[in-house]
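Engineer: Residue numbers (my numbering), protein chains in the order written: chain U, 1 to 205; chain W, 1001 to 1144.
Heads up, a few of these hints could be off.
Unchecked claim - Here are the computed distance ranges between Cβ atoms for each label pair: (1) N1114/W / G142/U: 35 to 43 Å; (2) P1143/W / D90/U: 41 to 49 Å; (3) D1127/W / K76/U: 20 to 28 Å; (4) G142/U / L1067/W: 32 to 40 Å; (5) T1081/W / R179/U: 54 to 62 Å; (6) T143/U / R1118/W: 33 to 41 Å; (7) G111/U / Q1069/W: 39 to 47 Å; (8) G1018/W / K165/U: 54 to 62 Å; (9) P1143/W / K165/U: 17 to 25 Å.
Derived by calculation from the structure, the hints in this document are not laboratory data.
Note that the coordinates shown come from a computational prediction; the quantities given were computed from them, not determined experimentally.
For each residue, glycine too, the CB sits at the ideal point set by N, CA and C.
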Amino acid sequence: MRIAAAALVLTLALPATAEEPKAPGSPSDAKSPGSPGDAAERLGLRFTPNAELVISSDEAEGIKTEKGQESVIFSKHVRAHQGDMSLECDWLEAVYPQSAGGRPDRITARGAVVITQGENQARCTEASVDNVACTAECKSSGTRATLRRGADDVEANAIYFDLCKGTVRAVGDVLIRVRERPSEKPAAPQPEAAKPAAPPAPGGG
Amino acid sequence: MTLPPAELEGVIFEGYRGELRDLSVTAKKAVVDMVGRVASLEDVKLSFSEESRGKLDVGAPRGEFKLDQDDFVLSGGVVGTAQEGERFSTEAVRYVAANRELVSSSLVELRRSNLVIRADGMQLGLDERRLRLIGKVEARVVPR
Chain U
1 MRIAAAALVL TLALPATAEE PKAPGSPSDA KSPGSPGDAA ERLGLRFTPN AELVISSDEA
61 EGIKTEKGQE SVIFSKHVRA HQGDMSLECD WLEAVYPQSA GGRPDRITAR GAVVITQGEN
121 QARCTEASVD NVACTAECKS SGTRATLRRG ADDVEANAIY FDLCKGTVRA VGDVLIRVRE
181 RPSEKPAAPQ PEAAKPAAPP APGGG
Chain W
1001 MTLPPAELEG VIFEGYRGEL RDLSVTAKKA VVDMVGRVAS LEDVKLSFSE ESRGKLDVGA
1061 PRGEFKLDQD DFVLSGGVVG TAQEGERFST EAVRYVAANR ELVSSSLVEL RRSNLVIRAD
1121 GMQLGLDERR LRLIGKVEAR VVPR
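Next comes chain U alone, as it looks inside the complex:
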């Protein structure tokens, strides 16, 4: 296992940034399979902007703000889906615009927040999605925000997503773990003696 750790700010954007310190013995190409740069390319989340957005929960409360916006707070077993992206949490506020558009401008999720898209999964205690800016933020108080894809993961104080570009930026005591996958491990030459014995010929008992 190789671990690349970067302090304070690490931008995991496309193309992979040069800010990442390379783990000893890591290949010079940051995007080689299994490298932190390769992980960066695969860890982003991306909106499907025209897909139907569905939010479900056991309870909800809506109130019209003074500015004419409609704020709906969903609680208890909250789930949201848009395209292939899903979000689970304990509490979610969706702020709908004053204009006729039905899509919320902003979503804030709290509690055990889990955002999943394909193999990528972000976990934190508070997440906000800005549909106008096409960005999302995932941060945790007390614990750490995490972003995982298979065996690779990123831990940080806060993780920011550009949901249109599919890029991700981790901020604050960033720790990246990139684990070699079995298929990436070069096959070591096996000495003749170590080769398994040929199976006995049929009937040669």
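Chain U is already provided as a structure; the job is to place chain W on it using the hints.
Structural biologist: Coordinates of chain W only, in the frame set by chain U:
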């Protein structure tokens, strides 16, 4: 002596809070039972006014008015519409005058543009227009 039920046509009821007329009820027909203290209404419409939040109209084929409580129960397919084009529909709704709220324990659907919200029941506070949805809430933004 028992008073027979009174049949009325083109009924208008108005409710006031101070100088403000905050509730207006119209019904095509009403049968008032003075013994049971209840009025049965047909083709009924409740209109709620609130200065800053606009008007809310709630209509239904049938209604019942509790004379002593100022409470209404609308049934037979209730449709509510607000000025901003928002609307809700449900099988039955109760207007609780003491709390100034509409309560439904039937399946409710709210629509605003391409946003559709469904739930097993609702509680709509008219003073703050605070809407509480209860049970299997689903908010769906349908692509245009």
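Engineer: Can you list which hints this structure breaks, lowest number first?
Structural biologist: 2 and 4
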